[in-house]
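Given chain A's structure and the hints, the job is docking chain B onto it.
Each chain is listed here by its residues.
Protein chains: 2
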Amino acid sequence: MSSMIFSTPNAHDLASKIATRVGLRHGRADLHTFPDGESLFRILDPVEDQHIHLVARLDRPDDKIMQLLLLADGLRQYGAASVKLVAPYLPYMRQDIAFNPGEVISAKVFAGLISQHFDGLITVDPHLHRFATLDAVYEVPSRALSATKEMARWIAQNTTSPIIIGPDSESEQWVRKIAEALRAPYATLQKVRHGDRDVEVSIDHLDFDNVQSVVLVDDIISSGTTLLRSNEFVKRLNANIELNICAVHCLATLETIDQLRAAGARKIVASNSIESPICGFDIADTISGALNANGLIKA
Amino acid sequence: MSSMIFSTPNAHDLASKIATRVGLRHGRADLHTFPDGESLFRILDPVEDQHIHLVARLDRPDDKIMQLLLLADGLRQYGAASVKLVAPYLPYMRQDIAFNPGEVISAKVFAGLISQHFDGLITVDPHLHRFATLDAVYEVPSRALSATKEMARWIAQNTTSPIIIGPDSESEQWVRKIAEALRAPYATLQKVRHGDRDVEVSIDHLDFDNVQSVVLVDDIISSGTTLLRSNEFVKRLNANIELNICAVHCLATLETIDQLRAAGARKIVASNSIESPICGFDIADTISGALNANGLIKA
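Protein chains in written order, with the working numbering: chain A, 246 to 544; chain B, 246 to 544.
Excised from the complex, chain A in its bound form:
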């Protein structure tokens, strides 16, 4: 089977790295935007009978979904044998339940849409909470990779003898794997969320008196509230601790990053799954490491 990589306009950098490392061709598709705001893709390389991996950055998904679907369906118009989505950051995973009567379960709508237009999905560290796996909501074959290897590498290169701390019980999956890779101690805080930007944290039985370095680890930096409370909490326990933050995906504004710095975080990094000012490691490493030369996930 013959495979190619394509990319939406804001993911050419990731697609190019993945294509080079895996040994696949990176097909070109130009985008023209009309004065009325409509998008026109022109596919510049032949795709007939090709199995396509379409790489896309999908943060702020509402702005990007139409172009994604135009390109995916367009590749089929020109004869692509299959089109799989490679979305390092998978949006709409946090709206997985109706918290109030009448709320739309957006995660199901988004998953339905992707399942209708793609033959498969590859993503990195999706925010699985009430859904145990992507299969609970995606109707097409999916694979959730993890960036813990790249996060552990960054932590080893940039900190000394850290304790790995997760801000809540959900983060334990990342914290434990990273701590094991580094042979470092770890713990998770207890979180109670009262709203988008209102979060309390606490921790049981951990002695911070002799700790020199803490790395707060999470899947997503978004409003920053959880990490800010965790950051302040650790600093209150021991103000001399060197505190760093390492996450997979950064949805935060520059203002949020500045608040975390002001609260004492020394280095704050996330992958380039989303374009942000704190990219510290390359999500293309995670993805290219998982694919073989046919564009298939390695066994």
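Calculated from the structure, these hints are not laboratory results. Please note: incorrect hints may appear among the correct ones.
Unchecked claim - Coverage of chain B stretches by chain A, computed from C-beta distances (three or more under 8 Å per stretch; other residues unrestricted): (1) 284-298; (2) 306-313; (3) 319-327; (4) 333-343.
Said to hold, decoys possible - If you want the ones that stay clear, here's a sample from chain B, every Cβ over 10 Å from chain A, calculated: (5) ASP281; (6) GLU348; (7) GLN402; (8) GLU415; (9) ARG421; (10) ALA432; (11) ASN455; (12) ARG474; (13) ILE502; (14) ALA535.
All C-beta atoms in this analysis are idealised placements derived from N, C-alpha and C, irrespective of residue type, glycine included.
Chain B alone, transformed into the frame defined by chain A:
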């Protein structure tokens, strides 16, 4: 059968008028936008077993499609029996062919998407060019209404003894119907398009010497190029002619409207199918006039 009207956030005004005139309930759906740009709808009225007409303004469609699909699928999550789209302006109709090799036929992608998520479509004066009817591209039952009755009414109330002129042969369908309703003479210009903003026009055998008033009629004001050339063309034939412009849909910028005014257009109006500074008649009249109290198209 029991029917209701719903609307996306930018079409509450249209939906409210249609609901009142047809005698249907206008259900409420609140939109919350999260800091990361994701959208959450909360449906505030029961919709179980209801046949829903979802009214949406869909100009600049890339910005709006995700919210449209979240609300449509959300209504189904809460038991709606059917969800039809009422889109006074139907986007992506002009990209109905690959003008160059490799171009995605966006009209087909958009129509496929709407057909997957809705049980039917009601629109007004869609830009049918290479597709003879909406059925050529939409897989669900569709109905194209026309605003010519409301345009003729505006022209009768705002101009005196006009000739109705269409800027190209495609516009004849509107021009002829409006001229017939007004018992006015009409003609269409010949158009040659060289690019998004590069258009030439000409006309055969029409004597403008004794004409006092011209109304240029078209389906869409977009870049304004076609209307500007037509406007200038008419003014060159007879500078004393009072020239007005009446279109169904306005996608133009304020700059384009100002250019048309500078070229001598006295009044420039379009419907409120799209929010613009030149709304002169109400597309809710066209839609409510076509629906019966069950929310069905009148025979």
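>> Please list, smallest to largest, the hint numbers that this structure does not respect.
In response: When the structure is compared with the hints, numbers 5, 6 turn out to be violated.
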